[in-house]
Amino acid sequence: MAHGAGGKASRRLIEGLFVPLLCESSLGPLGDAAHIQIDGTRIAVTADSFVVKPLSFPGGSIGELAVNGTVNDLAVSGARAQAIVVTFVLEAGLPTEILEAEVRAMGEAARHAGVVIAGGDTKVVEHGKADAMYITTAGFGCPIPGVTIDPGTVRTGDKILLSGPVGDHGITILLARGELDLEADLRSDTRSVFPFVDALQRAAATGIRWMRDPTRGGVATSLNELARDSRKGIVIFEDDIPVRDTVRGACELLGLDPLHIANEGQFLAVLAPEFAEAGLQAIREVPGGSEACIIGEIQDKPAGSVLAMTRYGASRIVDMLVGDPLPRIC
Amino acid sequence: MRYVDEFRDPELINKTAAEIRRLADPRRHYRLMEVCGGHTHAIYRFGLKDVLPENIDLIHGPGCPVCVLPMGRIDDGLSMASDSNVIFTAFGDMMRVPGRQGSPLEHKARGMDVRIVYSPADALKIAKANPDRHVMFFAIGFETTAPSTALTLMRAKEQGIRNFSVFCNHVTIIPAIRAILDSPDMRLDGFIGPGHVSTVIGCRPYEWIAKNEWKPIVVSGFEPLDILQSIVMLLRQLQKGESIVENQYKRVVPWEGNHAALRAMTQVFELRPYFEWRGLGFISQSALRINQAYAEWDAEVRFQIPGLRVTDPKAAQCGEVLKGVLKPAQCKLFGKECTPEYPIGALMVSSEGSCAAFYNYEHRKTSALISLGTTA
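Protein chains in written order, with our numbering: chain X, 1 to 330; chain G, 331 to 706.
Calculated from the structure, these hints are not laboratory results.
The structure presented is a predicted model; accordingly, all values stated were derived computationally and were not measured.
Ideal placement from N, C-alpha and C gives every residue a C-beta, glycine not left out.
Any given hint might turn out to be false.
[Stated by the list, open to error] Here are the simulated lysine to aspartate or glutamate pairs, EDC-like style, with alpha carbons at most 20 Å apart:
#1 Lys53/X <-> Asp443/G
#2 Lys580/G <-> Glu336/G
#3 Lys455/G <-> Asp239/X
#4 Lys438/G <-> Glu179/X
#5 Lys458/G <-> Asp181/X
#6 Lys644/G <-> Glu630/G
#7 Lys458/G <-> Glu179/X
#8 Lys455/G <-> Asp181/X
#9 Lys644/G <-> Glu606/G
#10 Lys438/G <-> Glu183/X
#11 Lys455/G <-> Glu183/X
#12 Lys662/G <-> Glu650/G
#13 Lys345/G <-> Asp181/X
#14 Lys657/G <-> Asp642/G
#15 Lys129/X <-> Asp443/G
[Said to hold, decoys possible] Listed next, with one range per pair, are the computed distances between beta-carbon atoms:
#16 Glu97/X <-> Gln597/G: 47 to 53 Å
#17 Arg311/X <-> Asp387/G: 22 to 28 Å
#18 Lys123/X <-> Val631/G: 45 to 51 Å
All chains, please: the whole structure from these sequences, using the hints.
Take a look at the structure:
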């Protein structure tokens, strides 16, 4: 199960099995989408699958997540999503009104993100062989000219920008499962992050070194991947990372670290220092970006690791998530 | 956030750290043990070692219930749930703890009905909702969690819910501290006393530590300021040559404990003559079992369990680390064969275990701080 949770085990599976057996030449660092050339035309492609439980939750649902998740993978690779193809795997007995609601949610999210649902496929499996509904997508996009996302270009002194509060999605899902008997006024942050990418490339295109939407495994996992791929040290200032009180409260109660909690509408970028201020202002002007901030910077050490500093001068290593975050009690 | 932010205030933390530096005699070396795993976790998570002078060593104690649970008990619990009619419930803490055939989470992936609960009362709710199935709650923890297990059992009895049982692995803190103090290679100057346990048992049970063993003890909260303030209180006692029990966590811990919780425990549990602790061996009268009046809800009575002892690999030096004789990184397996993902030793399995906390938050840090001196 841990191999699917987006942390260390997922990474090992990809690097240890998929890449050596499936990729003939070295494709470079593992990003959220691949940029390939067909007859001289560059396109960005990505594939994603969605197995969320419950299917709908405050702020979103699986259908809408499938569109935004795909759009976001393309966006942080430096591409504008153009078309998505969708596969539904449905468990026999799934009420049609649930399916209809998810298809509607998908259509609405696609219109909102300006992307076309160009085709798809449906499979139905026996009752008990799937959990209500799985969605897989493939997304196609146009690379934004002048934007190159490469962890190899990250330099010491670069700034790390975060678009807003972390952990909303993961905690919303955890609470929506209803197993914890906790209630909070909280909504998933699921949305397209393309407007952020768009604003950033207008304000600071040549200063963008790296982007990522910190989904499963949270900000901690995305930054650890960057640390590894860039062989740099990442220093973040813990008190500068925005976390809503409800998310902090739930994390304190459950013994979780907000940095490990999934997001579906946040965005991380590394900017050359001279572009940091302009980039930050541009993001803040995008609706939903007012809480964006600089959370840290790239250092030489600890190479390959992420270090969180506190305001009283203490520090700790922030590791990738191992498996799923589990609530702690004692 | 109230009750949290004020205990993480950088200015107060810096002031308290300065007071610690003022009180610590540079000619002395202080070895203070935080008994509770919650403190160990907080010390690493908040990087508190960075603000302490070098001659104050924090030794991580035995107060992590997951860490001290022998592997054989995990196998026993999982063996009950191999019956497909049984729903295995436990706290999230237990889910990644390996048995010989894998952890509860790995059993879940293979099809066992394993559910995480946040309270034993939730496990009872699952039993009520599934009258055709049997729900077993794998109970762990010190006196902190034992009362909620006791109350749940009392409720199950009152309501006549018979498809529910508890596999009791509750342990008690005082015999563990005694075992640490009895250890010949142990040299401690004082204790940061457990906060949550003391909410239930109060401060009186520690008096023998101060009086007979002449080790000051300060019952402490879990925020950075709580822990630092407790260290100040310990240093003041040591400076004055005193040894008493003090309560830093007054906002939560009543000196006399929680009588209602203690009554519930007495009603449902009795002391086991002895119990095995991972890393520490058998300790007499150190654990609780369900008494005769509640036998019907005792999983050890209802199910046949293998009851096999599983010894830890010899190379793992958990006992030495648990007693504070070795630091986590001094164990031969640390960070190599034994990591949070593939834990071999007990202290690597829970985020409160000193090895896991050290691995997650401290390991790899030393080289970083040197460069930060010039840039931060």
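Return the numbers of the hints above that this structure violates; sort them in rising order. 3, 6, 10 and 13
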